[in-house]
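Trainee: Chain by chain, the residues run as shown.
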Amino acid sequence: MFPKNAWYVACLPDDIVDKPLGRKICGLAMVFFRGPEGQVAALDDWCPHRGAPLSLGRVCQGKLVCGYHGLEMGCDGKTVAMPGQRVRGFPAIASYPVQERHGFIWVWPGDPALADPAKLPDLHWANNPAWAYGGGLYHIACDYRLMVDNLMDLTHETYVHADTIGQPEIDEVAPVTKVDGEHVITSRMMHNIPAPPFWKMALRGNGLADDVPVDRWQICHFTPPSHVMIEVGVAHAGHGGYDAPADRKAGSIVVDFITPETETSIWYFWGMARNFKPEDAALTDTIRQGQGKIFSEDLQMLEQQQRNHLLHPSRKLLGLNTDAGGVQARRILDRLMAEEQAAPATAAVPVAAP
Amino acid sequence: MFPKNAWYVACLPDDIVDKPLGRKICGLAMVFFRGPEGQVAALDDWCPHRGAPLSLGRVCQGKLVCGYHGLEMGCDGKTVAMPGQRVRGFPAIASYPVQERHGFIWVWPGDPALADPAKLPDLHWANNPAWAYGGGLYHIACDYRLMVDNLMDLTHETYVHADTIGQPEIDEVAPVTKVDGEHVITSRMMHNIPAPPFWKMALRGNGLADDVPVDRWQICHFTPPSHVMIEVGVAHAGHGGYDAPADRKAGSIVVDFITPETETSIWYFWGMARNFKPEDAALTDTIRQGQGKIFSEDLQMLEQQQRNHLLHPSRKLLGLNTDAGGVQARRILDRLMAEEQAAPATAAVPVAAP
Amino acid sequence: MFPKNAWYVACLPDDIVDKPLGRKICGLAMVFFRGPEGQVAALDDWCPHRGAPLSLGRVCQGKLVCGYHGLEMGCDGKTVAMPGQRVRGFPAIASYPVQERHGFIWVWPGDPALADPAKLPDLHWANNPAWAYGGGLYHIACDYRLMVDNLMDLTHETYVHADTIGQPEIDEVAPVTKVDGEHVITSRMMHNIPAPPFWKMALRGNGLADDVPVDRWQICHFTPPSHVMIEVGVAHAGHGGYDAPADRKAGSIVVDFITPETETSIWYFWGMARNFKPEDAALTDTIRQGQGKIFSEDLQMLEQQQRNHLLHPSRKLLGLNTDAGGVQARRILDRLMAEEQAAPATAAVPVAAP
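Residue numbers (our numbering), protein chains in the order written: chain A, 8 to 361; chain B, 8 to 361; chain C, 8 to 361.
It should be emphasised that the hints constitute simulated quantities derived from the structure, not laboratory data. All values reported here derive from a predicted model rather than from experimental measurement. There may be inaccurate statements among the hints.
No copy labels: a pair is met if it fits in one copy or bridges any two.
Stated by the list, open to error - Subject to a maximum C-alpha distance of 27 Å in a straight line, what follows is the list of computed DSSO-like cross-link-like pairs (lysine-lysine):
#	residue 1	residue 2
1	Lys85	Lys323
2	Lys70	Lys323
3	Lys323	Lys31
4	Lys31	Lys85
5	Lys11	Lys323
6	Lys85	Lys11
7	Lys26	Lys300
Between the sequences and the hints, there should be enough to build the whole structure, so can you do that?
Mentor: What follows is the structure in structure tokens.
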């Protein structure tokens, strides 16, 4: 179960440079490509002729040409042409609202009539030269909510990421969770502690001493359907922590877009946006590699947790104070999904091939 | 769903030289081996003693010896002997009618009482020294009818096999489909066109110029259950095309025997028979390699088309004029399967182990 | 279907030296580790916090620390501590009776109230310096009873293990099966035959001539749930066979503990205990390697037999005199399982996380 009336990250611009991309999102097999003016299109990955996947074809002058018998499909899901055929009566295939913004391609798997680009998240750092961004993609065999739980409860860092960002001091401070409409915020502030290895590296990267006590912060922001932005950082202790001046701290935003593929698998777009030394591409690369290694440590845990849940689907989990972020996020998701179930379908529901 | 009262290619003579072969055909686990006079036998791959697969055993003086406890099975599915046992009361296992002809081993998975060798297809080229044959076997995870569709609509050559046998001129000529009883014929005649790379190679192989315009033909013959023979070739333009004299053309027969393994997988026996330079074994090998590469290009498309169909089992497909060959073939198959369903079983239905 | 009120071999002491071991036994996902006094504990592999597998954690001072958020679990399935939490109300997880004896870790998957250590099998050789033991573990995708059948009918040696322990003389002597309560014994005595390669090696290992006729014995002992001990050996012919003096024979006990993982897969603990040259570690190793190779020859047969049975679940098997050992063993198992089904559950049934 996932909200369908929502913008999900589908892929990156680089994924559709020379050929179409087939990707299943929210259980729907989609194909992504660029139309005649370079605009992105997302369609059902189904050729209306014989049901071949259009993603095995090629893009020719903005039309998606089926790789089986050459049917030419337009961005709107209507067949444009086919060698030797009149195509006017061909059934249309579903087209999905799609947007390119902030360096990502976003898709709306639900009711197109509700797909308002104004509902796209505002990523203030994305188009700002004072910030740099690097990231990657993991495919993980787990329910998307297990990843939300993971990111909204960072006490796991001490155990899963003991060698990099974990430290016992995390366990010593209880997080505080607040809910503001559909926005869940879980914060943890740690004072006068040693910096763990990843943050020592970041301090050095920012030209700061790495062997002095620091104040450390973690502020996790969940917004539906499954975006988690985490403000993280350290400042030399006693200079204001999160509010310290820029030359006393190294901070960044952990960026997590979690796109359900199926009920039990996700496309996990992870990355980090930072506002120090944004021009330093080598540093971006070092951070990406470090983050990629750290985030890969979660995979085995999440996949085996998922398998455990499938073995025992009716067992209840605990909801501790540390879990409040994930618990509140699930509450919002449950409400949104119940609303979707209850809403009457509009006339503009995606047209499936008949 | 497949017709069961039909001859299917099961394997090649070379597959059962030193040991039995286990192969599932039309959903039935079978074992093939040679009996005391060298004749082929096909049995249920099930030892009546403890249910071990007989195909893990060995053949000893024409008896199939179970590799677990040494039960000796005869060609008729009756146990011949077992160390220390009286076997007269042992239940028989199913034996399937089987024939060796035209360089193939054929099996009849249905009612043995109806298994008439006269119903085997007549392959005029198979035992004719004026012809040479080379071929291979692919296992493909698709419904056998998707492969019939593929072979009865060669417009796909332009898209799937663009670098070898495809050419845009194929799209410019509509095929003509005729039905003659259970025989479906789809023909396409192209005039005064350039020869694509595969046919340039064949022209050279036949000692003919490859840089002149040609007339090209494709005549696809479907007969049940799933045999598709395709007469293909090119002649120097203006000499009569298909009917041109032998020293002006290079032609061959594409041979396709499609044997269902399960509802969604096939054993695909492909090959080419030609009547020029039949003694040239190196040419046979070159053609086999070329054809093997070309036919491997269909695999990904067919398997992903199958997966798409499983995702959307109720979606309808289009039936264009180019699809007429496959559509007519399916109509004949549907009629044959309906007749099989309606027919009363004879007393001689294969005997399953009780 | 397997008896649950029984001791099964779960693992070896070496498997839980530095970290916990996750292993599914009788369909139950368990975790094994050593508690504060070094005693073995077996728990449900489920963290009561968020359902993560505890086997991904680590052992710290005899507590099992969850690798996700640091919950500390005691040997009794009760949470001892968790950073920043009061754990008194945490639900307990199931703990399984477990014993370390005879060089193995044993677990009781059923009703803990019935788990009497006195029911552990008595392995007289296990703690006796006059004996040496070597063995290994195979995972096999078959019903545990197919392995019991295999071991209680050694006629298969002639076919599956033709090059090592098989010999045609096995087929010439019928085995004799006796049942004594829950103990099934199948014996075969062969007189004045050549020794097969494995036993030639053992004779040489024991300093005896290997080129003289021998008397050979095989005495298979089944006891529930699925333990098969096989007394095997050869003596120089005419000195009393099984009862020959020690300096005329080489004998050993084939040790087989078959632990169901699921309905169709097993953990197969195999080994050999011998009472000649027990101090010769190189000989132990040679025998282990030889036995490992021989026993690996059964894998393909058992797995394909299992697949055959799944294809035809209602087909009946034959029960010949050679099968009597397995047939009697299954009869005892059926009775035990029926009794378990009929018995009222005690109050002390394992506590699943609610």
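Trainee: Which of the listed hints are not met by the structure?
Mentor: none
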